[in-house]
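Q: Sequence:
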Amino acid sequence: MDYGSPQLFSVSNLTLIPVSISEVKQLSVNTANSRYQVFEWEKPEYGVAQRFVVEILLDNIKIYEKDIQAHQNTAFTKIPLDHGVVYCLIVSSVDSNGKTPSKPVKFMADENQLSCDGRCASGGRPACYRGQFSQIQQYKDLQGYRCICYEGYSGTMCKTIEKCNRETTVNSYGRIDWEPVNVNKTVSIPCPYGPEGEFASRICGWKKVPSGSTWLPYIDSGSCRKRNSIIIHLDVIERYARNARSLTGIETVHRFLESLLRLPALSANFSMVQFDTSVAESMIRVLGTVVSGNWTKMQGNTTVIKRKIAKTFIRTISILPVPYSARLSSNGISVETIRWLTDAATNDSFEISEYCWIHLPASDKSRIIRGVCIRNATAFENNNMTPVGPILLIMSDDTGGQDLPQYFTIGLHPPGNLPSYICVRFDKEEHQWTMDGVILSSRNRSGMVVCESRHFGLFSLLPVSLQTELFVLHSHRLTFAIDQPGKFLNH
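Just so we're aligned, residue 35 is where the sequence shown starts under the working numbering, counting upward by one.
In short, the hints are calculated from the structure, not lab data. Glycine residues also receive a C-beta, built at the ideal position from the N, C-alpha and C atoms. Hints are supplied without guarantee of correctness; some may be wrong.
[As the list claims (entries may be wrong)] With a Cα cut of at most 25 Å, we get these calculated DSS-like pairs of lysine-lysine: (1) Lys219 x Lys174; (2) Lys133 x Lys77; (3) Lys59 x Lys137.
[Stated by the list, open to error] Label pairs and their computed distance ranges (CB to CB): (4) Gly334 x Ser305: 54 to 60 Å; (5) Thr336 x Asp470: 33 to 39 Å; (6) Ser305 x Thr111: 39 to 45 Å; (7) Gln84 x Lys197: 35 to 41 Å; (8) Asp269 x Tyr441: 38 to 44 Å.
Input sequences plus hints: build the corresponding full structure.
A: Okay, here's the thing in structure tokens:
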């Protein structure tokens, strides 16, 4: 470059980039507030734009960008802007050779919003701007009339009511599935672990940035009982039951267990509260301690409380999930729940424990089977007939109390010399052990006494020496039925 003097002479490289499109003209902010903005411009003087790019900057940092079709000269944006803050607007003209940005236009959000009549659903109000001749009207583009939705509504016309999605929370009060619910609604669920009449609540709220529905934090009213307190109480109750020597003590244990069965966390009727298997297992452990206790030292008539405990035990087993398996070695209790399928190939023998097994034949329909093996259950002594083998409980959720059309097979492990035992089942109507409905298949099949039956219920072993006594009891009931049939049928 020659400045006319040898001393000022220097060499510089210049790069010239041809521009095939000029910047937009008359760029301006039509309206801008904290909820929405409308920008407008005129087409470039030179070139044909393929599209426009709208950019908003804060402190030279881009916070928003949007492409606008070439035939449009306005842009509608919904950016949450703060009052008192200076923003910059840049609109670039874009063609095949590149883009040409406009000069930055500074603006601030107005505290007041324009008002006009328009077309919106009940969930919003018109987005107004200054149209031709500065007339305030509702903004409209290719998507239709624009509205500003109230919290909890969405869509161009604000017709859609937003919901909070399904969400699972796990905390010290239990595991809860919160079902979808509309914004600004409160969901109340019975406390998973009680007490009765108290609820856990949660609100489906609305967040502004980014806008959308959101579950608000769990409301801790302090009234719900914590899961850990139930577990601790069950441990205390088990130790108490192990040393109980009075009917009053056993009644206390029974009342507490019955109260737990009413909890949402142990009920299939509360779909939003997930079942707590570990608490149910702890209950079974307590019940195992009770039924295997030393009932001979109890003072008073134990018949009523034994029946209550048996019913509570059955109710607890009936709420367990399927499939389920547990071995409570300290109490000698094993539990299995399975699906008895119609496919015979899947119904082989299944071992509940080393003391009990069941073989299910082909079935005409699928059923849920629940099996419990109790190694020692002194609570089932009746008329001085104490089962010497394990107690096997077999239940089905859908037999309706009817006999099965086919026989199933059970195996029980006796405590002593195999030929000395017979199979019996418990007649719940007579509250007696009986050989009726039980067929002895083998006194020794791999160390097990094997029997067949078509009745679900309780099964065990008795010494052969009691077989005659069982026959006498059965004959007495038959004679009583013949002499007084009305009383027998109504028993």
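Q: Hints broken by the structure, by number, lowest first?
A: The structure conflicts with hints 1, 4 and 5, although it agrees with all the remaining ones.
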